[in-house]
Amino acid sequence: MKILIEKSLDADKAENIICVDLPEGSALADYMFIATGTSSRHVSALARKLKESLQLKNVKGISIEGLSQCDWVVMDAGDVIVHLFRPEVREFYNIEKMWCAEQAILDDVGDQIQA
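Counted the way the working numbering counts, the sequence shown spans residues 1 to 115.
Among these hints, one or two may not hold up.
Within a straight-line C-alpha distance of at most 25 Å, the following computed BS3-like cross-link-like pairs (lysine-lysine) qualify [said to hold, decoys possible]:
| hint | residue 1 | residue 2 |
| --- | --- | --- |
| 1 | Lys51 | Lys2 |
| 2 | Lys7 | Lys60 |
| 3 | Lys13 | Lys2 |
| 4 | Lys49 | Lys7 |
| 5 | Lys51 | Lys7 |
| 6 | Lys13 | Lys51 |
| 7 | Lys57 | Lys13 |
| 8 | Lys49 | Lys13 |
| 9 | Lys57 | Lys2 |
| 10 | Lys60 | Lys49 |
| 11 | Lys97 | Lys2 |
| 12 | Lys60 | Lys2 |
The hints are simulated quantities; they were obtained by calculation from the structure and are not laboratory data.
Input sequences plus hints: build the corresponding full structure.
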C-alpha cells in the first residue's frame, strides 16, 4: 500500500511528499504520509483520487476528514495515515517537526521505490 500511495500522490502532482515510518507497534498506523496540494481544489482532488486508487486495490474502511474546507485533509486507510495540506496550512502546523526525526523526502518517487 505504501508504494501505491507514493505513486498516486506523485502522479497527481502532490508536492513535498514525505513518508514517516511510525514506531513499531504504534496504535496509529505503520506509516504516515504528508504532502502538499497547490490549492484547496488540488488537495480535494488528491484525496478523492487516492481514495479511488485504494478502493480499486480493495482497501476497506477508508475514512476522510476535512473535505469540506480542504485546507488540511486527513485520510485513515488502516495501516497508513495521509495528511494533505495547502502550502500555508502545512507550514503553520509543521507536523513534520513533531513526527520526523528522519525524513524521507520523495523528490523522485521512482528512485525511492526501486531502492
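Status of each hint after checking the structure:
Restraint check for Lys51 and Lys2: satisfied, since their Cα atoms lie roughly 13 Å apart, inside the 25 Å limit. In summary, the hint linking Lys7 to Lys60 is supported, as the alpha carbons are separated by about 19 Å, within the 25 Å threshold. Between the alpha carbons of Lys13 and Lys2 the distance comes to roughly 17 Å, so the proposed pair stays at or under 25 Å and holds. For the proposed pair Lys49 and Lys7, the alpha carbon gap of about 11 Å is at most 25 Å, so the pair holds.
For the given pair, Lys51 sits about 13 Å from Lys7 by alpha-carbon distance, which is consistent with the 25 Å threshold. For the suggested pair Lys13 and Lys51, the alpha carbons sit about 16 Å apart, so the restraint of at most 25 Å is met. For the suggested pair Lys57 and Lys13, the alpha carbons sit about 21 Å apart, so the restraint of at most 25 Å is met. Distance restraint check for Lys49 and Lys13: the Cα-Cα separation of roughly 12 Å lies within the 25 Å cut-off, and the hinted pair is therefore satisfied.
For the suggested pair Lys57 and Lys2, the alpha carbons sit about 12 Å apart, so the restraint of at most 25 Å is met. Distance restraint check for Lys60 and Lys49: the Cα-Cα separation of roughly 15 Å lies within the 25 Å cut-off, and the hinted pair is therefore satisfied. For the hint linking Lys97 to Lys2, the alpha-carbon distance of about 21 Å falls within 25 Å, and the restraint holds. Restraint check for Lys60 and Lys2: satisfied, since their Cα atoms lie roughly 15 Å apart, inside the 25 Å limit.
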